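Visitor: Each chain is listed here by its residues.
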Amino acid sequence: MPTKILVVDDEPDLELMISQKFRKQVRDKELQFDFVKSGVEALNKLQANGETDVVLTDINMPEMDGLTLLARLGEQYPLIKSVIVSAYGDMSNIRTALNRGAFDFVTKPIDFNDLEITLKKTIQEALTFKQAVKDRDQLLAIQQELEVARKIQQSIVPRKFPAFPERKEFDLYAEMIPAKDVGGDFYDFFLIDDERLGFVIGDVSGKGVPAALFMAVSKTLLKATALKGAPPEECLQQINRILHLESVSAMFVTIFYGILNTRTGEVDYCNGGHNPPYIFRAGGGIEMSESTGGLVLGAMRNTAYKAKKMALQAGDGVFLYTDGVTEAMNRNNEQFTEERLEEKLKAGRDTTLPKIVSHVIEAVKAFSNGAPQADDITILALRYLGKS
Amino acid sequence: MEITQTKHGDILVIGPKGKLDANTSKMFEDCLIPLIDQGHKKILADFAQLDYISSAGLRVLLLAARKLSEGGGKIALCSLKPSIKTVFDIAGFSTVFPIFATQQDAITDFTK
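Same order as they appear, the protein sequences are chains A and B. When you line the first sequence up against our numbering, it's residues 175 to 562, in that order. When you line the second sequence up against our numbering, it's residues 919 to 1030, in that order.
Don't read these hints as lab results, they were simulated from the structure. All values derive from a computational prediction rather than experimental measurement. Honestly, I wouldn't trust all of these hints.
Here are the in silico distance ranges between beta carbons for each label pair [as the list claims (entries may be wrong)]:
#, chain 1, residue 1, chain 2, residue 2, range
1, B, Arg984, A, Ala315, 33 to 39 Å
2, B, Gly989, A, Asn476, 46 to 52 Å
3, A, Ala521, B, Lys1030, 50 to 56 Å
4, A, Ala521, B, Thr1013, 41 to 47 Å
5, A, Ala315, B, Gly957, 41 to 47 Å
6, A, Arg505, B, Pro1000, 56 to 62 Å
7, A, Met175, B, Lys944, 34 to 40 Å
8, A, Lys520, B, Ala966, 33 to 39 Å
9, B, Lys944, A, Asp285, 49 to 55 Å
No residue lacks a Cβ here, since even glycine has one placed at the ideal position from N, Cα and C.
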């Protein structure tokens, strides 16, 4: 598409001379010139056909002069670059024109070699400017899509609490704060049958859109498999095989999956490479759940997983988290660490689950002290309240 | 990040320094994977100078291991600081990668 230049001048000769000088560029469709005789005509022309890159305008014209036109261009067509044509030595008008946003000027009588160089430079500027605006618009569109993706992702993890208001044997609370617009963390919980509650936390390697897609697949697979009632180690084994097929460029996910027997308080769990959750006892103790030695999921096709058991008494709870909590950094590159997390858990264990979770999140924020959040932060807390 | 490369016979020793996190892991990947594509079959990642590794760093190691095993190659690790070893233990990677206490132990094992 040729670059479009609008020439505004009341001298009839100019059209002839410009057409002559630039005939090759016009013939090769590099440039296209339109000619009008006043500022008013110029604005009418632009309104009828806004696709103009550069305006070349005289200063002294009937109806509307070049300086007034410049002011209008700046208001209505900020993407158009303009060059003014002025009498030699008329510094005060040239100053005014430049102050009103003219990109450059040429003087009369016009030196056509100088005009060619000036136009070339101005066109370059106009095109660069146009491209920058186009790039910005595209980025804005991508950002808006990411915002939509973020909302979708936030909506695929359960967010309604209390989640099971009719169940008096347990309480649950969770929060997820992605570092970028979309993240690779997830949590989930669901009743497998009247007696068993499945709960899970996971963390996909990496961040952003690829991690979010892998996260969505992992979460859906886990729930679909878990709802069939299989024990945790079998669930992880099955979804590991499927995720391994889906794992592009060695992406993987850590998953802790537990099943609470709401009648006995016993939890069967299997840990596939995830940070070991904490057990907080009603009596005040904090324990790290024992490792089951499992590998992250999606890494190797044939990996065996083992399950372990933990026994919860009425009032005991489980605190699951992703490494965005313990590896949150402050401005000195120090990490929040397990030690700080344990301290916060000990201090806040007597209160409600939402308070325990927000207590930890506040502590991480205070520790980071304004340093940017590098990783997704996700917490799921569960408390066994005893048989009703 | 700085990544040193030294050769011991046909063993290529790669030494990343500092932190392998979401930002630096891309650099580590861009360094390591082309070396495998060029035909290096024995790679030793020496983590003596490594202070931190995130899941993004683990992913690059896994990718390297997959590529190497396709071509009959092998990757081993050595000189892990305790905090790095803990990350490997939690992720279950200690059972997947051969890990040696010193570079010499690893080289001896490669040449067995």
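Visitor: Each hint: holds or not?
Guide: Hint check:
Between arginine 984/B and alanine 315/A the Cβ separation comes to about 36 Å, which falls inside the hinted range of 33 to 39 Å. The supplied range of 46 to 52 Å is broken by glycine 989/B and asparagine 476/A, whose beta-carbon atoms lie about 20 Å from each other. A C-beta distance of roughly 53 Å is found between alanine 521/A and lysine 1030/B, which places it inside the suggested range of 50 to 56 Å. A beta carbon spacing of about 36 Å between alanine 521/A and threonine 1013/B contradicts the range 41 to 47 Å that was offered as a hint.
The beta-carbon spacing between alanine 315/A and glycine 957/B, approximately 43 Å, falls within the hinted interval of 41 to 47 Å. About 25 Å separates the C-beta atoms of arginine 505/A and proline 1000/B, a value inconsistent with the hinted range of 56 to 62 Å. A hinted range of 34 to 40 Å for the beta carbons of methionine 175/A and lysine 944/B is consistent with their spacing of about 38 Å. At roughly 36 Å, the beta carbons of lysine 520/A and alanine 966/B sit within the given window of 33 to 39 Å.
For lysine 944/B paired with aspartate 285/A, a C-beta distance near 53 Å keeps the hint of 49 to 55 Å intact.
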